[in-house]
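From first to last, the protein sequence lines stand for chains A and B.
Per this note's numbering, numbering of the first sequence is gapless, rising by one per residue and ending at 253.
Per this note's numbering, numbering of the second sequence is gapless, rising by one per residue and ending at 403.
To be clear, the hints were calculated from the coordinates, so they are not data collected in a lab.
Just so we're clear, the structure is a prediction, and the values are computed from it rather than from any experiment.
Where a beta carbon is used, it is the ideal one built from N, C-alpha and C, also for glycine.
Keep in mind that the hints are not guaranteed to be accurate.
With a Cα cut of at most 30 Å, we get these calculated DSS-like pairs of lysine-lysine [stated by the list, open to error]:
(1) B:276 x A:105
(2) A:34 x B:324
(3) A:34 x B:276
(4) A:38 x B:276
(5) A:83 x A:16
(6) B:294 x A:16
(7) A:99 x A:216
(8) B:324 x A:38
Quick look at which bits of chain B chain A covers, simulated, 3 or more residues with Cβ under 8 Å [claimed, not checked]:
(9) 258-266
(10) 270-282
(11) 326-332
(12) 341-355
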Amino acid sequence: MNKEKQTIDLLSQIGKLLLQHGAETELVETSINKAAMKLDCRDLTILILPNAILLSLSSNGKVYNTKLYKVERQDVNFTALDKMMGIIEQIDATVDSTKLLEELKDEESLSPMYPYYLRNMMAGIGCGSFSLLFGGDIYICVATFIAASIGFYLNGFLLKQYFNPFIAIILVSFVTTISSGLLTLHNEMAHIAIASSILFLVPSVAFINSVNDLTKRHYTTGLVRGVRGVIISFAIAIGISLALHILGVEKFV
Amino acid sequence: MILDISIGFFVSLSFAILFNAPKRSLIPIIILGIGAVLIKKYMLLYHFSLEFSTFIAAFFIGFISLYFSHKQNIPILVYAISSSIVLVPTVNAYKAMIGFIQISTHQINNEALIIQSLHYGLKTWFVFGAIAIGIVLPTQFIKKYRFKIL
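Construct the complete structure from the given sequences, taking the supplied hints into account.
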């Protein structure tokens with residue numbers, strides 16, 4: 001009984017970490033199945049919901065053990081996905097599952113991030129060079145760089161204070177639009193600066209995961225992710241339109 | 254040409270770092286980003302529509318990232334999302350939004366503005382759809398790779 005509990009704990013921890021860091025549903029399901037095959041448990045049923053995982057494992061063909069796991073937050077961290085893939089490769093029937101579970105519970109060491117100043121600078125550089133793609137000049141590029149850096153810094157600050165993510169996005173897009181709008185107030189290409197400086201907020205992971213899930217017949221998770229992406233887009237639009245009403249819409253057409 | 258290559262380089266590298274991509278996947282992401290920018294630009298030069306050229310560029314990303322993900326054992330998503338950022342039609346989306354704001358505030362009788370905003374809005378949605386379908390399609394019909402690591 002104890003061994004089965006540990007197996008379920010291990011499998012659900014793998015699924016939880018994958019779902020938390022932005023994997024699509026099919027990837028979560030395949031990884032759990034793969035780990036279960038390697039741990040030599042055949043009779044496993046998985047149900048994946050947008051923010052929970054339900055696992056059911058039969059013991060000796062008599063009793064069914066079922067456990068529901070909740071996924072608290074969702075962010076994008078591809079290094080964590082890569083590490084999880086490596087851990088799943090290492091699992092075999094002789095592995096010490098207590099030690100492995102300890103390792104998986106330590107989420108801080110599993111998901112290392114690039115240093116914050118580097119990500120902040122890269123947000124600026126990425127948005128700045130994106131503005132060149134639409135025909136902006138060097139001045140527009142620099143203005144976009146400054147506005148996007150300010151916005152990304154504010155985003156990290158607000159998420160640390162446990163703000164509601166949608167309200168944080170409205171505030172961030174408002175501040176970013178105000179700063180890029182003020183920097184390019186009497187410029188003909190101001191719309192390029194404003195449109196590119198909020199690029200780091202675009203919910204690309206949500207949209208692509210949504211289409212991925214819908215085409216692989218995971219309709220519930222696909223719909224929920226799509227709706228989440230649409231809500232984020234509307235939050236960005238609300239922030240921009242608030243800022244433009246203050247600055248004057250006619251200047252930025 | 255050099256400008257396009259450097260744009261593809263910086264945009265894909267910086268968004269890969271924003272999404273915390275693992276270090277060994279950075280070089281494939283940069284290659285995919287540069288390729289997508291060049292394909293989209295040269296198809297637009299030869300008078301293909303924006304939607305179709307975005308679709309082909311996204312298909313390129315999906316197809317090549319399948320190869321890299323098989324080789325390096327990293328999920329396709331890691332390559333595809335960071336490098337497809339260069340295809341996002343932000344200026345079209347912005348123009349559609351500004352048009353709708355203008356219609357709602359005072360220019361109710363301006364038919365040209367209404368049609369123009371609808372045009373930009375539809376274009377945005379179709380380009381988004383082209384990106385998503387183009388990335389997802391290669392993973393669907395090459396099942397040999399898909400069942401190995403997805």
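Hint check against the structure, violated hint numbers in rising order: 6, 7
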